[in-house]
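Peer 1: Spelled out from the first residue to the last, the chains are:
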Amino acid sequence: MNGFQFIAASAGSEGGSLFPLHLFGMFLGFLGLIFFLGTAVGMMRFPDFYTRMHAAGKGDTLSTMLMLTGFALVTMEDFSLGSWLLFVKIMGVVLFIFLSTPTSSHALMRAAFEDDEMPMTEEDLKKSRKRGKKK
Amino acid sequence: MGLELFNTFILLLLVAAALVALKVRDLITASVVFGIYSFLMCLLWAEMGAVDVAFTEAAVGAGISTVVLVATVFNLKRKSSD
Amino acid sequence: MFEDGAILNELFLERLNYLIYVVLLLIGLYAMIAKNNLIKKLIGMSVFQTAIILFYVSIGVKEDATIPIYLPEHDPHGEHAHARGGPEALSRGQVATYANPLPHVLMLTAIVVGVATLGLALAVSLRIYQGYGTIEEDELLVKLEREDARTRKAEFPVADSPKVESKRKPVAKRVSKTGKSKK
Amino acid sequence: MKAASMVPVFLVGFLLVFAATDFPEWGNPQSPASDSPVSSHFIGKTGVDTEVPNMVTAVLADYRGFDTMFETVVVFIAGMAVLAILKNSVKKGSVRRDHEVDAEPDLIVTNMVRLIVPVIQIFAFYVLAHGHVSPGGGFQGGVIMGASFILIALSWDLETALARFSLNRCMGVAAAGILIYAGIGIFSMFLGGEFLDYAELERVLPVSREMARYHAMLGVEIGVGCTVTAIMFALYANLSSEGKLEGGL
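Chains as they are written, first to last, in the numbering used here: chain A, 21 to 155; chain B, 475 to 556; chain C, 3 to 185; chain D, 5 to 253.
The set of hints was computed from the structure by calculation and includes no laboratory data.
Backbone N, C-alpha and C define an ideal beta-carbon position, used for all residues, glycine too.
There's no promise every hint is true.
[Claimed, not checked] Keeping only pairs whose Cα atoms sit at most 30 Å apart, straight-line, the calculated DSBU-like set for lysine-lysine is: (1) Lys43(C) / Lys49(D); (2) Lys43(C) / Lys551(B); (3) Lys6(D) / Lys497(B); (4) Lys553(B) / Lys49(D).
[Unchecked claim] What follows is a list of derived Cβ distance ranges for each label pair: (5) Thr503(B) / Thr71(A): 16 to 26 Å; (6) Val11(D) / Leu145(A): 32 to 42 Å; (7) Arg130(A) / Val16(D): 24 to 34 Å; (8) Gly223(D) / Glu65(C): 30 to 40 Å; (9) Lys91(D) / Glu478(B): 48 to 58 Å; (10) Glu16(C) / Ser120(A): 38 to 48 Å.
[To be verified] Taking beta-carbon pairs under 10 Å as the criterion, some of the chain B residues facing chain C (in silico): (11) Ile510; (12) Tyr511; (13) Gly535.
Please work from the sequences and hints to get the whole structure.
Peer 2: Set out below in structure tokens:
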């Protein structure tokens, strides 16, 4: 079953009142993918370690949380006990990621700072631009 | 076609991850890429229906063995000759 | 069999997964034989191992089958079992709807034992580094040969009979040879 | 060397690809592995024999219990061997690392670890105890439990983790795990059955034969979990400090 069939099937499912929830969940997942794209572009384009880590830490946390929340909403088939239990479990994972990912990026940043990794200043940027023009 | 598209995609990523893990000169990078390899393997097994094996691989292969490899490389030379 | 190209079609379309397992296994085997660094050899060993485990798990896959945990209607403690007055054995048709659990069990233990053996191998390579100061195989072989020559020198001192001295010479030659060939 | 190594690699590769045409098709329910009477028995009769919904756990701890016991022993022996190889291999206090960072334990990281570690350990117990009805079991729960101690060692230093779970206690727990496993087997032998024949435990447990197997499996998984926890932490503690058991990573 590919994505289009899944969307078609959930649109045509009997629980008509649940359809907005599915749609909202898919929207959240899509939003998470866009933030992931931003993370990847930032990792590739930013000049030094600190800015790259900034892109990775922020984008990774937000997009993972958004995608997991969307997934939790999509799996809410009916409001039975089982699906509520699944929802709560996935929300536990979201909470864990909300706590752990910023901590890990902080630890990485701090390790780089103690290893005397210098942040890129404006002058360095000008120098690198000049070098780029010469080439 | 006997194999689904998703599986084929992950299998090709697996081959790429294995090649990168054996190609890079920095041993810590190699350990981390090997962790990525383990996670891809875990995803593949979860997709095949082997949930217990996938869980074990996620905990053991991607967690403990990466940590143990990094801990050992820290006490050895970090650079490799090939 | 080889003429009409059917075998290629079969290999690349229907059995593509087996082909990729073989490729993974060969990557691991090549790394184990040809890589110079001991840690790289160990990563190759793990790749080899996971390729075999992957093959084992994939022969337990059944089309349109669910994971090997009983669905609510077959659950021994579920409402359905209580209604029937206890769990009952599944029929042949129902058996086909569950994936084969046997390969999963065999490979689950193999993974945990794999990490234990990896840790042991890492401990051995750490000890080698403490003893010789390197984990590159070629440097290690040179150092080992040098040490061999030294112990032989200690066991048969130079002031002994000329026979022993002639015995020692080829050893020294061999050491210089390996040293040259590595450069 | 590299060119010569291609010869066995391509030889093995050719043989395996040649054999791949005889392998069963992807996902074929009639393939020899899936159609065998053994796996059909495991799928069909597990619910009747043991009342465990997760077949993998049932096969792991009951039908193939002997196998799993010795796999646990292999893990134990590997941990003992690492200890024997690295113990006293370097003098204490001698540091030979390429780069050493003398840093205080970070405030944010340590507080977050203080918050998260109890949750991880409770999750490990959950995984261990729920191995019967969901993916999980002794191996996975033990590994997660060991990972929580490794997390303490990573965020403070090794002494802090070893103060909570010293190496002597570690090996004691590992041995106790195997003793629990083998003890359940021998106890069922004393009750008149065979080694690891859990159904005989119904004479001491107030349950039916099937439920006796169910509960004995939980005991066995606890034994496996103890061993795996201790050995995983011992592996990390020895490898990260070259057997000196001091300092951070």
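Peer 1: Tell me, in ascending order, the numbers of any earlier hints that this structure violates.
Peer 2: Numbers 1, 4, 6, 7, 11, in rising order.
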